[in-house]
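Participant: Given next are the chains, with one letter for each unit.
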Amino acid sequence: MPKKDNLELPRIVKILDIVEENPDVKTIFFEDDFEAYPGQFVMVWIPSVDEVPMSVSYLGEKKGITVKNVGKATSSLCKLKPGDKIGIRGPHGTFFEATGDSLLVVAGGIGIAPLAPLMENAHNIGKQITLAFGAKSKSELLFINRLKGCSRELNISTDDGSLGFHGFVSDLVEDILKKQSFDEILCCGPEIMIKKIADLAKLNGIPLQASLERYMKCGVGICDSCAIDGFHVCIDGPVFSGKILSELADFGRFRRDACGRRVEL
Amino acid sequence: MPISDCDKMVDIATTLPGLKLKNPTILAAGILGETGASLENVAKAGAGAVVTKSIGIEPREGHGNPTFVETEHGIINAMGLPNPGIDNYKDEVESIIGTNIPVIGSIFGADAQEFEILAVEMEKFGVSALELNLSCPHAKGYGAILGHDKEKVLEITKVVKGAVKVPVYVKLSPNVSNIAEIACAVEDAEGDGIVAINTISAMAIDIDMALPILSNAIGGLSGPGIKPIGLRCIYEIKAETELPVIGVGGILSGNDAIEYIMAGASAVQIGSGVYYKGIGIFSKVCQQIQEFMDAHSYKTIKEMVGIAQKG
Ligand SMILES: Cc1cc2nc3c(=O)[nH]c(=O)nc-3n(C[C@H](O)[C@H](O)[C@H](O)COP(=O)(O)OP(=O)(O)OC[C@H]3O[C@@H](n4cnc5c(N)ncnc54)[C@H](O)[C@@H]3O)c2cc1C
Ligand SMILES: Cc1cc2nc3c(=O)[nH]c(=O)nc-3n(C[C@H](O)[C@H](O)[C@H](O)COP(=O)(O)O)c2cc1C
Numbered sequence: 001m002p003k004k005d006n007l008e009l010p011r012i013v014k015i016l017d018i019v020e021e022n023p024d025v026k027t028i029f030f031e032d033d034f035e036a037y038p039g040q041f042v043m044v045w046i047p048s049v050d051e052v053p054m055s056v057s058y059l060g061e062k063k064g065i066t067v068k069n070v071g072k073a074t075s076s077l078c079k080l081k082p083g084d085k086i087g088i089r090g091p092h093g094t095f096f097e098a099t100g101d102s103l104l105v106v107a108g109g110i111g112i113a114p115l116a117p118l119m120e121n122a123h124n125i126g127k128q129i130t131l132a133f134g135a136k137s138k139s140e141l142l143f144i145n146r147l148k149g150c151s152r153e154l155n156i157s158t159d160d161g162s163l164g165f166h167g168f169v170s171d172l173v174e175d176i177l178k179k180q181s182f183d184e185i186l187c188c189g190p191e192i193m194i195k196k197i198a199d200l201a202k203l204n205g206i207p208l209q210a211s212l213e214r215y216m217k218c219g220v221g222i223c224d225s226c227a228i229d230g231f232h233v234c235i236d237g238p239v240f241s242g243k244i245l246s247e248l249a250d251f252g253r254f255r256r257d258a259c260g261r262r263v264e265l
Numbered sequence: 001m002p003i004s005d006c007d008k009m010v011d012i013a014t015t016l017p018g019l020k021l022k023n024p025t026i027l028a029a030g031i032l033g034e035t036g037a038s039l040e041n042v043a044k045a046g047a048g049a050v051v052t053k054s055i056g057i058e059p060r061e062g063h064g065n066p067t068f069v070e071t072e073h074g075i076i077n078a079m080g081l082p083n084p085g086i087d088n089y090k091d092e093v094e095s096i097i098g099t100n101i102p103v104i105g106s107i108f109g110a111d112a113q114e115f116e117i118l119a120v121e122m123e124k125f126g127v128s129a130l131e132l133n134l135s136c137p138h139a140k141g142y143g144a145i146l147g148h149d150k151e152k153v154l155e156i157t158k159v160v161k162g163a164v165k166v167p168v169y170v171k172l173s174p175n176v177s178n179i180a181e182i183a184c185a186v187e188d189a190e191g192d193g194i195v196a197i198n199t200i201s202a203m204a205i206d207i208d209m210a211l212p213i214l215s216n217a218i219g220g221l222s223g224p225g226i227k228p229i230g231l232r233c234i235y236e237i238k239a240e241t242e243l244p245v246i247g248v249g250g251i252l253s254g255n256d257a258i259e260y261i262m263a264g265a266s267a268v269q270i271g272s273g274v275y276y277k278g279i280g281i282f283s284k285v286c287q288q289i290q291e292f293m294d295a296h297s298y299k300t301i302k303e304m305v306g307i308a309q310k311g
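Top line first, the protein sequences correspond to chains A and B.
Going letter by letter, the first sequence gives residues 1 to 265 in our numbering.
Going letter by letter, the second sequence gives residues 1 to 311 in our numbering.
The hints are simulated quantities; they were obtained by calculation from the structure and are not laboratory data.
Where is the CB? At the ideal position from N, CA and C, for every residue including glycine.
Derived coverage of chain B by chain A (criterion: at least 3 residues anywhere in the stretch with Cβ under 8 Å from a Cβ of chain A; other residues may be distant):
(1) 23-37
(2) 60-74
(3) 203-213
(4) 272-278
Dumping the calculated DSSO-like pairs for lysine-lysine here, alpha-carbon to alpha-carbon at most 30 Å:
(5) A/Lys202 - A/Lys148
(6) B/Lys44 - B/Lys284
(7) A/Lys148 - A/Lys178
(8) A/Lys243 - B/Lys277
(9) A/Lys138 - A/Lys148
(10) A/Lys14 - A/Lys79
(11) B/Lys44 - A/Lys243
(12) A/Lys195 - B/Lys90
(13) B/Lys302 - B/Lys20
(14) B/Lys299 - B/Lys310
(15) B/Lys90 - B/Lys20
(16) A/Lys138 - A/Lys79
(17) A/Lys72 - A/Lys62
(18) B/Lys140 - A/Lys72
(19) B/Lys44 - A/Lys195
Take these sequences, add in the hints, and give me the full structure.
Facilitator: What follows is the structure in structure tokens.
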């Protein structure tokens, strides 16, 4: 990876506003002048707490990250107030590229964060977008108005049946693919879900791009923490083509913990 | 100008105790070495050998993030020796052993007994040599805290030497007042060679937050800024000992590698260079070394080793 022009150290930014998307998820807006593409992520420094990878969920002049509270770092992020400061390093990694005309976007839960800006950009240049958005329950959905504005068809699934299709989003996608075909599928969510979508994409002969998560430390491809079969999610990903994913033995099966141990997903 | 026959005879192979290297570039410990597949990639990219991540007895998460920050002339890391532990590491290292290049097993322990256990295990995995990490500057109770004490260096090296057949290299810290003295302790313990240098104890402060950036506050500086210090260390070690030395610190080009070789290194390691130049750095550095040797009529690496030493 050839070195970039600017130094890899956190830029301190001020939080402008915070939007509560649902009981567990907040979007944090800040001003920063980097240029990012949908699917890229930043390393977010919460001083004295942690530095964690977050997809850029708003790419305009006002940048945004959309954070689901799952642990120490994310709960600290969710407690921040406008005017507080965080550090931003990046953007890093590969991104989604909508090359075909008809797109099937598949998101699981917070996996919508990198896909929403992709949908907006693609919609603005006239792409036809069908969205399949799955969550455990109705209360875990987010961005619904934003997504309505840029999709031709918005399909929702919930594991508990509280809204839309009752079941997993992968089952919903299987149904959709029986009726329609697409030029490509773009996907982000829990890896087990991505694996199912990758299998469906392969079965139907549709090219896939999907974004993976691994434990990140350096974020620049040298510490080997986010390694998956010789690829590094921080620089070779997070967005991988279906073709590469099909060559990764660990995909859908194993991840690495913070020690580098190979553990089941 | 026609290429003369001599030019074609340039040979960049090099040998060290227990190591026959097709070229003098080696992947440094802790860069891309946590997983077997990444080590394989570095081998395919043209490195003459690879060093594993430093491995300890138990799985270890290392320090919390931020663990990495860049400065004007280098990078500072405080990974804190994360590693899956020696038992889990077996699967990683076994996939590359017996392929085309030597694998050097880096280990770290809290005392001679831990080093002994780790050395024996690594040897069983089939590594070609061991590298004792007595030099990590940011992991409490490990690394440099031992490597700063020449008695400890002597003891640990002796114990490991007595426990294994493969050659034992000791990786030294530059954060000492007299590095040659520590190298002499390795020689007294009949260690097979020295690797120098590990990172230089360092920090970066964010003035907006008024806080150190790294979670551990202190980390280790590597990259271009430390090359002059690494060179000086090799030069001082070579002046005092007969041990073969592997030079490491800030190597980004063939010329950097040749500086190290002329200071006394028989081979070099590249770590941060992977960040600055990508994994292609190994073949690039080899090509540049070859070009330099061609242009200056050197035929072997050996001819250049230590020729800058005065007296
Ligand atoms: C490329 C990428 C983009 C991401 N984008 C988003 C996003 O837009 N929104 C969002 O809410 N989350 C996102 N995540 C996940 C987010 O980074 C983790 O949820 C967060 O790091 C959890 O930290 P914690 O301390 O709150 O939780 P913990 O209790 O520490 O851990 C909860 C889970 O998060 C994982 N985790 C912890 N630290 C890291 C780390 N440094 N790197 C990767 N995983 C970690 C743990 O392995 C565990 O599975 C992304 C992850 C990656 C790799
Ligand atoms: C991210 C990172 C991790 C490292 N981990 C280790 C390690 O586990 N064991 C070790 O002996 N040295 C470790 N080092 C030190 C390097 O092996 C090397 O000695 C040092 O970085 C100087 O060389 P360089 O300038 O080419 O990087 C690490 C360095 C970096 C940058």
